[in-house]
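With the hints as constraints, model all of the structure from the sequences given.
Protein chains in written order, with the UniProt record's numbering: chain A, 1 to 139; chain B, 1 to 139; chain C, 1 to 139.
If you are wondering where the hints come from, they were derived from the structure by calculation, not from laboratory data.
A couple of the hints might just be wrong.
[As the list claims (entries may be wrong)] Anything over 12 Å on all C-beta distances counts as not near chain B; from chain C, calculated:
| hint | residue |
| --- | --- |
| 1 | 7 |
| 2 | 46 |
| 3 | 104 |
| 4 | 132 |
[What the hints assert, rightly or not] Here are the computed distance ranges between Cβ atoms for each label pair:
| hint | chain 1 | residue 1 | chain 2 | residue 2 | range |
| --- | --- | --- | --- | --- | --- |
| 5 | C | 84 | B | 70 | 38 to 44 Å |
| 6 | B | 106 | A | 7 | 43 to 49 Å |
| 7 | A | 136 | B | 47 | 42 to 48 Å |
| 8 | C | 113 | A | 91 | 35 to 41 Å |
| 9 | B | 5 | C | 105 | 44 to 50 Å |
| 10 | A | 3 | B | 52 | 39 to 45 Å |
| 11 | A | 91 | B | 5 | 20 to 26 Å |
| 12 | A | 62 | B | 70 | 40 to 46 Å |
| 13 | A | 107 | C | 89 | 49 to 55 Å |
| 14 | C | 107 | B | 125 | 34 to 40 Å |
| 15 | B | 124 | C | 113 | 34 to 40 Å |
Since this is a predicted model, take the numbers as computed values, not measurements.
Cβ coordinates follow ideal geometry from the N, Cα and C atoms, glycine included.
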Amino acid sequence: MSEVPVEDVLAVHQLYGRQSHAIDSGQAARWAATFTPDGEFVSPSYPEPEAGTAALTAFAERFHAGCVESGERLRHVVSTVEVRSGQSEDTLRALAYLQIVGTPEGGAPRLHRLTVLDDELVRTAEGWRVRRRTVHREP
Amino acid sequence: MSEVPVEDVLAVHQLYGRQSHAIDSGQAARWAATFTPDGEFVSPSYPEPEAGTAALTAFAERFHAGCVESGERLRHVVSTVEVRSGQSEDTLRALAYLQIVGTPEGGAPRLHRLTVLDDELVRTAEGWRVRRRTVHREP
Amino acid sequence: MSEVPVEDVLAVHQLYGRQSHAIDSGQAARWAATFTPDGEFVSPSYPEPEAGTAALTAFAERFHAGCVESGERLRHVVSTVEVRSGQSEDTLRALAYLQIVGTPEGGAPRLHRLTVLDDELVRTAEGWRVRRRTVHREP
Chain A
1 MSEVPVEDVL
11 AVHQLYGRQS
21 HAIDSGQAAR
31 WAATFTPDGE
41 FVSPSYPEPE
51 AGTAALTAFA
61 ERFHAGCVES
71 GERLRHVVST
81 VEVRSGQSED
91 TLRALAYLQI
101 VGTPEGGAPR
111 LHRLTVLDDE
121 LVRTAEGWRV
131 RRRTVHREP
Chain B
1 MSEVPVEDVL
11 AVHQLYGRQS
21 HAIDSGQAAR
31 WAATFTPDGE
41 FVSPSYPEPE
51 AGTAALTAFA
61 ERFHAGCVES
71 GERLRHVVST
81 VEVRSGQSED
91 TLRALAYLQI
101 VGTPEGGAPR
111 LHRLTVLDDE
121 LVRTAEGWRV
131 RRRTVHREP
Chain C
1 MSEVPVEDVL
11 AVHQLYGRQS
21 HAIDSGQAAR
31 WAATFTPDGE
41 FVSPSYPEPE
51 AGTAALTAFA
61 ERFHAGCVES
71 GERLRHVVST
81 VEVRSGQSED
91 TLRALAYLQI
101 VGTPEGGAPR
111 LHRLTVLDDE
121 LVRTAEGWRV
131 RRRTVHREP
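Structure, rendered in structure tokens:
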């Protein structure tokens, strides 16, 4: 198994940190910019895939608006990251666990779900970006 | 957005690991030493900020004594770290999620709360240290 | 405290990611290969230690078979990693938190337990491997 360079592994950790803090604080454009312009987000939690910056931005906006409306703060807690070589030097595959934790105003936190992030990443002039994220309930 | 060097990002990950394992195992001085000598800890979970090594050490001692007394083991589970450039080469800003998980003796674990760590870090001769930690329930 | 090189810290993060995704998806041999051939796994959750590739592989197979049988998907969520120098240049000690989260088919996830991983790692020709893992409920 070929070793993924240190810089690339850490860039993915940073990307995942940025993603969570962006979407959870309502920075929808910042979240969408962690994907390529044609990036795809495929999840069983939502009826159909989202693709492209505009759709991803709208998705993140709806997510945050839903939190505001419900009064429950949701957090994307990401851990257990494994970065693997991709099919070329300019692609990577990464796996991670995502815990969605919600805290209602004045209430106790609750783990809503635990999913697996399975990402295809591509190197761009701005750094690594997600080209396709597949969220699994079951791997 | 300027890239934070790999060494610095990883130093923050290490610092956060050290912090949690120190405070959770009762090593109060070790925990306090992850802050600068004038470091500040500001949290809505506690009535007022703690500042300086002596106060931080006492804070960590009280935390651990509380666990021993209650028979509930508390853990600081840190993840979803994002390290950002600071206002100079010798400062960083870092965000992370903190899950406080408690396990009573012989009982099932419980997620007490999920908070956001928002840190201002400064480079010292001993490595990166927290100058000011602000804990948010809501970002 | 001597600084652990960036490459080595990150190799441990990668190893932990690989371990979790391997055992949770039923890749028992892949999981066992993250230990040295004589690697040991010592946990209070199980009646006796497991040692050596064959026993570790069988352990991981039983783990996954148990999930399939029960219909509850278990995940090893690892975070809060701290990598420390070992007693030589070719050994490391690492601490991490492990959350075992289970999701029954069609049900809500539940945190089963939170343990501390306390690992002795050794450098091999294939990279860092776990020589001895001790799982603690209480440190």
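Item to check | Violations among the numbered hints, reported as their numbers in ascending order | outcome: As far as the earlier hints go, 1, 5 and 14 are violated by this structure, in ascending order.
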